[in-house]
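2 protein chains.
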Amino acid sequence: MNGNDFIFSDRILKSNRSFIREILKVTSHPEIISFAGGQPDPTLFPLEELKFSTEAAFQKHGSQLLQYGVSEGYIPLREKIFERYYKNIKYPNFSPENILITTGSQQALDLIGKIFINPSDSILIERPGYLGAIQAFSLYEPFVIGIPLEDDGLDIVALKNILSKTNPKFLYSNPTFQNPTGKTLSIEKRNMLAEVLRSNHCILIEDNPYGEIRFESEKIPSVQSLYPERTISIGTFSKTLSPGFRVGWVCAPKEILDKLLIAKQASDLHSNIPSQFILNEYLNHYDLDLQIDRIRNSYRLKKECMEESLKQYLTEFADWVSPKGGMFFWLTLKNEVNSMRLFEAAIANNVAFVPGNPFYTVEPETNTMRINFSHSSIEAIERGIRRIGESIRKVSTVSA
Amino acid sequence: MNGNDFIFSDRILKSNRSFIREILKVTSHPEIISFAGGQPDPTLFPLEELKFSTEAAFQKHGSQLLQYGVSEGYIPLREKIFERYYKNIKYPNFSPENILITTGSQQALDLIGKIFINPSDSILIERPGYLGAIQAFSLYEPFVIGIPLEDDGLDIVALKNILSKTNPKFLYSNPTFQNPTGKTLSIEKRNMLAEVLRSNHCILIEDNPYGEIRFESEKIPSVQSLYPERTISIGTFSKTLSPGFRVGWVCAPKEILDKLLIAKQASDLHSNIPSQFILNEYLNHYDLDLQIDRIRNSYRLKKECMEESLKQYLTEFADWVSPKGGMFFWLTLKNEVNSMRLFEAAIANNVAFVPGNPFYTVEPETNTMRINFSHSSIEAIERGIRRIGESIRKVSTVSA
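Keeping their order, the protein sequence lines are chains A and B. One rule links them: number in this note's numbering = place in the first sequence (from 1) + 1112. One rule links them: number in this note's numbering = place in the second sequence (from 1) + 1112.
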């Protein structure tokens, strides 16, 4: 038997296995300090609180916790999400009915691709952009146009220029503490973005997994709040409570939500019931803001520690923009050092990161790289950055 | 603001909201006895055992229960699934590596559609066929060809004939206690099916949610065991332990599994972690076969009770094949009574079922209907079938 003649769809034949996934395999060795993943610090998970919430959910729901549920998601949880994140948005008839629970925010990306993208449709995405979005959308075979990022977020002039020439299905953006660059769209630019999108009738997908993980006190208004009529907002509990629960959500105008719901039913009927009930009990019994404060304080410290080490070991080799929240630094290597080559040297020196390539859909800037600060200990951060410095020195010497 | 100018994808514009879903809304009124859904009897869920397993999972895994996991699924759970369902299949190098955990078996259907179907590709599906599969596949815009069902399952001659004229991507079949008809492919025909598929290099999707819920003692060999080289087997814990957990799986040749894995990553990264850990603990501590025996005994009794009532109230109005397992009777109404019209009369008489229409992709047999016996009490089954009899009488009188 030779299996080589299975005939797959065009969309999957164009897709590669996740590059980060392959990297994570290499980096699983215990000797390696890995800045490659994007995992939260597990010591900050509210384990005892979620355990208590689990017991409360079993107590309250009994066998309904094990039964099929509705595709939209558990109503009290949708109400709490709406109350916390969307109730101040000025849009007619906005209500918890505008929330759809998804199996992590990754599923939201897949469903959005499914309901909007015909093969060869143009879509816009930040350049560099979030890898998970690139993967989800790519399976629907769009023509992806990258919009450059400046230090204060999307290049609005470039966007305007593109929109004058093309009519994309949507702009996908992660404007707050972006993955991978950590950059944040300024308030001024948020207003400009809303205006440009409005005058072009362009849908915005505003993905906001890190918005709560900010290191400064002032909150930044969402772009959705400035442009509610055509924004699809994506959120998640993965960075605040638990990624293993796979509970994310979409908030969108009703006409869009209705289509997402059809796609949701066809994709997995509904999301995991116990996790929805447990999160709802958590929000009944505990203060999410206190939990988020713990995360912010810890990640701020780690970020500062990483930046100290970067200054100490990498100033001569790399540039970066200091992130005001989130989980990542984005480095641009000087002298055109290739981050894929650096990766090999770094692995040999027991430290890992993600080379910038997979965050670009075309023409990658090969001297870029992403390093995560949420998952490692303070001590590992210092040691790991030192090792990266050593590896750059090595690679540069070889090149010279 | 007028939202009517959102531009959706062709695939979603061709899709309708789930018909069953709309029906379930009508039937949620407490007065109504509903045979419309496909839910397990919640009183049979092993609630205390799963609660204990949850505590054991928290105890064993701690914060790892809340963290991101691998896309393939939790290895010990994959091993147990392989051991229970697939270890006797004769196929080179078959191992737990051939198992992918999915977010319910519904997601398996979506992923299969994603990796195989280009728009206009032909696929084969039983006629009538499982609605969830029709919905999942339809979003990839195939040309669906229905293969008629006989009392002992797929019409193999019709299949052979179709395969001589067309080259479909796959045949989707639910050969054991089929949804919606309850029919089972005979052993003789399983051998014939394997042979026909093999000589045509046709992939088989063997969906088997009900295989464990059999009312007779002898086990029927899977079609996969006769044709492992091109079968994708789909399974689920939804009918045996908990649908709310959304844990299903695919077992397939490695080349196919690799593609499914890429699609899985793009769809939701990985399935819910706590539910995978809890099911694994359940299987460590309890005997699944005892749990299944409880379900079989209860559903067998309900099925017998429903058949008694059918004989008493519907003999003159309908034909059916007695199911040997699963959850459904499929009725063919005599005298061309239209089941959609009957549905309206039945709702007025406080009883619900699913008219046959949505189980057909084209030219529905309008005198068919599905009734579920797993979810209602014995007492409700007797009363509900009596009401259906009254409703048929009413509709027939009006027509006459």
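Hints listed in this document are in silico derivations from the structure and should not be mistaken for laboratory results. None of the values given here were measured: they were computed from a predicted structure. Glycine included, every Cβ here is placed at the ideal spot set by N, Cα and C. Any given hint could be a false lead.
In silico EDC-like links for lysine to aspartate or glutamate, alpha-carbon gap of 16 Å or less [claimed, not checked]: (1) K1446(A) / D1399(A); (2) K1163(B) / D1405(A); (3) K1366(A) / E1209(A); (4) K1172(B) / E1160(A); (5) K1137(A) / D1264(B); (6) K1436(A) / E1419(A); (7) K1366(B) / E1341(A); (8) K1137(B) / D1405(A); (9) K1126(B) / D1370(A); (10) K1436(A) / D1405(A); (11) K1436(B) / D1264(B); (12) K1199(A) / E1419(A); (13) K1506(B) / E1419(B); (14) K1172(A) / E1160(B); (15) K1126(A) / D1370(B); (16) K1301(A) / E1253(A); (17) K1423(B) / E1328(B); (18) K1126(A) / E1209(A); (19) K1301(B) / E1253(B); (20) K1506(A) / E1448(A); (21) K1423(A) / E1341(A); (22) K1163(A) / D1267(B); (23) K1366(A) / D1431(B); (24) K1192(A) / E1494(A).
The calculated label-pair distances, taken between Cβ atoms and stated as ranges, are [claimed, not checked]: (25) E1307(A) / K1277(B): 27 to 35 Å; (26) V1138(A) / N1409(B): 28 to 36 Å; (27) K1126(A) / K1366(B): 48 to 56 Å; (28) V1138(A) / V1138(B): 48 to 56 Å; (29) V1182(B) / D1431(A): 30 to 38 Å; (30) D1264(B) / L1125(A): 37 to 45 Å; (31) P1231(B) / N1273(A): 53 to 61 Å.
Hints versus structure:
{"no.": "1", "hint": "K1446(A) / D1399(A)", "in the structure": "violated (45 Å)"}
{"no.": "2", "hint": "K1163(B) / D1405(A)", "in the structure": "violated (31 Å)"}
{"no.": "3", "hint": "K1366(A) / E1209(A)", "in the structure": "holds (8 Å)"}
{"no.": "4", "hint": "K1172(B) / E1160(A)", "in the structure": "holds (14 Å)"}
{"no.": "5", "hint": "K1137(A) / D1264(B)", "in the structure": "violated (48 Å)"}
{"no.": "6", "hint": "K1436(A) / E1419(A)", "in the structure": "holds (12 Å)"}
{"no.": "7", "hint": "K1366(B) / E1341(A)", "in the structure": "violated (45 Å)"}
{"no.": "8", "hint": "K1137(B) / D1405(A)", "in the structure": "violated (42 Å)"}
{"no.": "9", "hint": "K1126(B) / D1370(A)", "in the structure": "holds (14 Å)"}
{"no.": "10", "hint": "K1436(A) / D1405(A)", "in the structure": "holds (15 Å)"}
{"no.": "11", "hint": "K1436(B) / D1264(B)", "in the structure": "holds (11 Å)"}
{"no.": "12", "hint": "K1199(A) / E1419(A)", "in the structure": "violated (37 Å)"}
{"no.": "13", "hint": "K1506(B) / E1419(B)", "in the structure": "violated (22 Å)"}
{"no.": "14", "hint": "K1172(A) / E1160(B)", "in the structure": "holds (14 Å)"}
{"no.": "15", "hint": "K1126(A) / D1370(B)", "in the structure": "holds (14 Å)"}
{"no.": "16", "hint": "K1301(A) / E1253(A)", "in the structure": "violated (30 Å)"}
{"no.": "17", "hint": "K1423(B) / E1328(B)", "in the structure": "violated (21 Å)"}
{"no.": "18", "hint": "K1126(A) / E1209(A)", "in the structure": "violated (37 Å)"}
{"no.": "19", "hint": "K1301(B) / E1253(B)", "in the structure": "violated (30 Å)"}
{"no.": "20", "hint": "K1506(A) / E1448(A)", "in the structure": "holds (14 Å)"}
{"no.": "21", "hint": "K1423(A) / E1341(A)", "in the structure": "violated (44 Å)"}
{"no.": "22", "hint": "K1163(A) / D1267(B)", "in the structure": "violated (52 Å)"}
{"no.": "23", "hint": "K1366(A) / D1431(B)", "in the structure": "violated (43 Å)"}
{"no.": "24", "hint": "K1192(A) / E1494(A)", "in the structure": "violated (40 Å)"}
{"no.": "25", "hint": "E1307(A) / K1277(B): 27 to 35 Å", "in the structure": "violated (57 Å)"}
{"no.": "26", "hint": "V1138(A) / N1409(B): 28 to 36 Å", "in the structure": "violated (52 Å)"}
{"no.": "27", "hint": "K1126(A) / K1366(B): 48 to 56 Å", "in the structure": "violated (20 Å)"}
{"no.": "28", "hint": "V1138(A) / V1138(B): 48 to 56 Å", "in the structure": "holds (55 Å)"}
{"no.": "29", "hint": "V1182(B) / D1431(A): 30 to 38 Å", "in the structure": "holds (34 Å)"}
{"no.": "30", "hint": "D1264(B) / L1125(A): 37 to 45 Å", "in the structure": "holds (38 Å)"}
{"no.": "31", "hint": "P1231(B) / N1273(A): 53 to 61 Å", "in the structure": "violated (33 Å)"}
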